[in-house]
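Given only the sequences and the hints, what does the whole structure look like? Please build it.
Given next are the chains, with one letter for each unit.
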Amino acid sequence: MAVTPPAQRIWWNEPIERVELTWVIIAFLWGLFMFGFMIAWHFIGGQNLSREAYRIAPSKYEAKVEEFAKKHTVREEKGVPVVKPPAGSDIYILGRLWQWWPILELEKGQSYRVHISSIDWQHGFSLQPTNINIQVHPGYEHVITLTPTEAGEFGIVCNEFCGIGHHTMTGKIYVTEPKRAESGQRLADGR
Amino acid sequence: MTAETVVGVGRRAAAADFRTCPYTGLKVDAAAQTLIKANAVAAVVFLLIGGLMGLLVALTRWPAVHLLPADWFYLVLTGHGANVLLFWIIFFEIAVLYFASAVLLNCRLPAPKFAWLGFALMVVGAIITNVVVLQGESSVMFTSYPPMMAKPNFYLGLILFAVGALIGCAIFFATLAIAKQERTYEGSIPLVTFGALTAAIIAVFTIASGAIILIPTWLWSLGLIGEIDPLMYKVVWWAMGHSSQQINVSAHVSIWYMVGALLLGAKPLSEKVSRTAFFLYILFLQLASAHHLLAEPGLTASWKIVNTSYMMYLAVLGSMIHGLTVPGSIEAAQRKNGYDKGVFEWLRKAPWGNPAFAGMFLSLVMFGFIGGISGVVLGTEQLNVLMHNTIYVPGHFHGTVVTGTTLAFMAGTYLVLPLIFQREIVWPKLAKIQPYLFGIGAAGISLFMMGAGTLGVARRHWDITFSDAELSFAHSAGAFLMMGLNGVFAILAALGGAIYVLVVVGTVLFGKKITAGHKLTFPLHAGGGAAVSQYGSHATTKLPGTIVLVAIFFVCFVLYYFINWKYLSELWLFR
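Sequence lines, in order, name chains E and A. Residue 29 in this note's numbering sits at position 29 of the first sequence; the count goes up by one each step and never skips. Residue 1357 in this note's numbering sits at position 357 of the second sequence; the count goes up by one each step and never skips.
The hints are simulated quantities; they were obtained by calculation from the structure and are not laboratory data. Computed from a predicted model, the values in this text were never measured in an experiment. Beta carbons: idealized from backbone N, C-alpha and C, even for Gly. Treat each hint with caution, since some may be false.
Unchecked claim - Covered by chain E, per the in silico footprint, the following chain A stretches (three or more residues, Cβ under 8 Å):
(1) 1339-1349
(2) 1485-1495
Unchecked claim - No farther apart than 25 Å at their CA atoms in a straight line, the calculated lysine to any residue pairs in the SDA-like style are these:
(3) A:1180 to E:12
(4) E:108 to A:1066
(5) A:1037 to A:1498
(6) A:1336 to E:84
(7) A:1272 to E:10
(8) A:1151 to E:165
(9) A:1542 to E:18
(10) E:84 to E:66
Stated by the list, open to error - Residues of chain A clear of chain E, computed beta-carbon distances all greater than 12 Å:
(11) 1019
(12) 1211
(13) 1294
(14) 1517
As structure tokens, then:
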């Protein structure tokens, strides 16, 4: 029994029953496959999180985002600037208590270098309803090359607890249909 | 140097006070018995507190009920995590360690005073943390990520608790050493003790990691250290936070084997395979810190892949092996017990009316199907981005820690009550339905939280309607439905939990004292302790039922794995 010492003193020489051995081999191979598939996705998949990140003082990051917003603001919405950066450019998102700032307007099928960081506590960048979730740390500037594949209005929710106002921390991204036919083509190629 | 001088205040073998268990023939040391009782009682008290907090959390997250105000919600959520994930589980685990060493090895527990010191530290630590959480200003969640700061006593309480648990582990190791020295058993330690040893070894690693991060964080909260890097904190904290869940896995797998042995006379199919599976846990489970860092900036893909997969899924392999050997040993035993017809007679005629068996088997099935599969998916480098910090994450770990560990511990309690407390279980009819109520409730909350998370609902979030937010966002109707169903099933689980506490308290206080010749309401396997070890090898038995169960599991696993890759491939592109 499992609560008594092994019946065979030399238990490590007992043969392994075939059903057990078969299962061990299947489970081991499945593990190897899953391990390999993560590596493979870096070559065949379009969704791999970038490792590009920089140390940055929160105040410095805040200044960068403000400068970016000033340059490309096209209108305001509820006191928050809506920023429309040129396709392919570096864009900045700031997480702070309790908003994602500013609002972005992107073009479908275009790639952007998105910089994300926080200036106070940790936040969770959660793009909805697309469901892309990335952790945001103060002091670390994460750079992700992002290509929206659908047009519409998207919400950014905070999904890392950040204090009493956590549930009021939201943001917004608008994605517009591509103006030129070629960007649609590029998108089709990218997938 | 003998083990006695190591622990300092050892007792002589002759001085120990033993009784012989009439059901198992095991020699039970009085000091070990009292300590097991104390730790089990403390565990149940914290389960009661933490479980009640859990119910309040679920009722608040039920959009139609939305019970607590935001500040109370975050406070209670912090307390819920600490009380059930740490205090309930670790107190119970210390009881398991003492049982698996002193009782199963017929040995005395060395240095019981030292063990009591550990117990006292754990109680004091748990109380300090609870008090400081209830005072407010420490609603930092169980994970307490900096730069968010709790009051110093929040960390201090956890540190004291951990030191106490470490003492418990030391007593366990000392008991093993003394049992070997005094030859209280023949050959190798039993499989259940081996599993407990696995748990204790991982516990030492875990507590060390906890000390490495919590002590500086405590000093930081006192103003003695300037800054704690948030990324570094997560790397080290999760070496405690996730690895400590592997203590639970080792402990509850041991309980699965124990229940099978005591109720059905089950014997491991192969000692070698089952022990190797435990050994894989020791070698690889520690890498799991990476599971919480897959969506973080700055870490390389190769680091993430190697660590998140426990080095090519070798620890997952351990769990998948237990997933066959536990039901396999039960099937083999049942066929020997005379239920040999067809593929599933062994399972149909299993003692489903015995809460120890029902709880154990539900725990086995649900841990594998709900907690296990979702854990692998969540821990896949790229797939993590679909669910990171959504309520899918608590969905997953309620599948492991509630339907797996907690249900297994409840099942084990139905053996501890008659065998250690020596009390007959009161209200057996309530006890019979308890594992089903709790199991179905817990499975429901796990699945519906996972469903809501797949639809993007955030974890640790007071208001998914975002009614106070400047920029509004509306979740789908499906997400609201899932959160409502989560609330309904939480009530079911809470009811099951309440019955458990009621039966345990009732039995400990009013249960009939068990005297010689008493017939147990929920009988053990007729063979009892030593007699059963004379069984021939179970390896000769065919196990068609187990093969079917494992095949179903494997198909579900593969399908669910690829469904998630399909979801991922539909996301925006990022690199």
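Against the structure, the hints come out as follows:
1. 1339-1349: With 0 residues closer than 8 Å to chain E, the stretch 1339-1349 of chain A misses the three-residue bar; violated.
2. 1485-1495: violated (count 0)
3. A:1180 to E:12: Since the Cα atoms of residue 1180 of chain A and residue 12 of chain E sit roughly 19 Å apart, the hinted pair holds (cutoff 25 Å).
4. E:108 to A:1066: 38 Å, violated
5. A:1037 to A:1498: Answer holds: residue 1037 of chain A to residue 1498 of chain A is near 20 Å, not above 25 Å.
6. A:1336 to E:84: 74 Å, violated
7. A:1272 to E:10: 10 Å, holds
8. A:1151 to E:165: 19 Å, holds
9. A:1542 to E:18: 10 Å, holds
10. E:84 to E:66: 14 Å, holds
11. 1019: It holds; residue 1019 of chain A is separated from chain E by about 18 Å at its closest Cβ, greater than 12 Å.
12. 1211: Residue 1211 of chain A clear of chain E: closest Cβ-Cβ about 23 Å, beyond 12 Å.
13. 1294: 8 Å, violated
14. 1517: 23 Å, holds
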